[in-house]
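Asks: Top line first, the protein sequences correspond to chains C and E.
Heads up, the first sequence is in the numbering used here, so the first residue is 1 and it goes up one at a time.
Heads up, the second sequence is in the numbering used here, so the first residue is 105 and it goes up one at a time.
Just so you know, the hints here were simulated from the structure itself, not pulled from any lab data.
No experiment lies behind these values; they were computed from the predicted model shown.
Heads up, the beta-carbon is just placed ideally off N, CA and C, and yes, glycines get one too.
Be a bit skeptical, because a hint or two may be false.
As the list claims (entries may be wrong) - Here are the simulated PhoX-like pairs of lysine-lysine, each with C-alpha atoms no more than 25 Å apart in a straight line:
hint, chain 1, residue 1, chain 2, residue 2
1, C, K98, E, K186
2, C, K103, C, K30
3, C, K98, C, K30
4, C, K103, E, K186
5, E, K186, C, K30
Said to hold, decoys possible - Residues from chain E that face chain C, not an exhaustive set, calculated with beta carbons under 10 Å:
hint, residue
6, D108
7, F173
8, T179
9, M292
Here is what each chain is made of, one letter per residue.
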Amino acid sequence: MFATVTLTTVIMFTSLLLVLALVGIVLNRKNVIVILMCLELLLLATNINLVATSHFRADLGGQILTFFILTVAAAELAIGLAIVTLFYRNTGGIEVDKADMMKG
Amino acid sequence: MLPDILFYLFAIGLLLGAGAVITARNPMYGVLGMIFSFINAAGLFMLFYAEFLSLLIVMIYVGAIAVMFLFVLMTIDIDFVKLREGFAPYLPAGLIVAAALAAELLLAASLGLFTGVGTPIAAAEGAPTNIEQLGAVLFTDYALPFQAAGMVLLTAMVGAIILTHRRRKDVKRQNISMQINRTASDSMALTKPVSGQGATPLYWSPKPVDKVASNDEDDQ
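The shape of chain C in the complex, shown without the other chains:
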């Protein structure tokens, strides 16, 4: 059992993790793979929040939700990396700037 750590402490730490991941997305905006890694860290921050809340409020719902978030994260990553491979094959690079075929 924790002596001094409360839900507030955990949420502060996960807020910092979330901000770090967002900064990573902004800073590495050319490299799709690093952006995907930062997305994983974002989802990890939410997962830790959910599990901590589930622990401190004695409710199993948070862990169940984390389970489903893990599923969706894995699916998203599989598709994302497949698209990265395809993108590299077609353009010879993984720069986000090169994805302008639709002239949007």
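Assemble chain E onto chain C, guided by the hints.
Replies: Below, chain E alone, put in the same frame as chain C:
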């Protein structure tokens, strides 16, 4: 007291790993930082008595997702230094936005709105283990979402295969139906050379191979 110390160790390790991900010059080291982060997160989950999710994180993220990242990074051949070019110009703006967001989030968290109630899970004596509790809920109350999660994974698998599968045109491969349909009369000729004169020139030639029929029907 020990759980508190472990909590701060794991939390700081988590943040350090995240920092390594966003500042790594080579994404290969970024993936290693991500693995470090996820192992620390698994430790945090253990501290929260979520043993099942803790081991699941290690299995899925460290065992599968990190390996997938490494695989893709090794497959593609990229000059990562060029990809870092836009790093510095965005740094001030990114830091300002990040500082503002962090200040807001920390302020909101410190208001004390998020408080725990009740006895924390699994702290009670003789309580069922975390896996038993999760299983009891997951296969009854959440049975339908559980199956939907399976469908999501199946869709992702099919999508990833369809996206990356291709048949290369420049590779020679067997055409099995043509091989099976070959007969001796298609491909052999018998001659009877007279001794001392050599073989007579062949008037026969093998049946021309139909190039079009070389199994193109399942090309994309």
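Asks: Under the constraints set out in the numbered hints, which ones does this structure not fulfil?
Replies: Failing hint: just 9.
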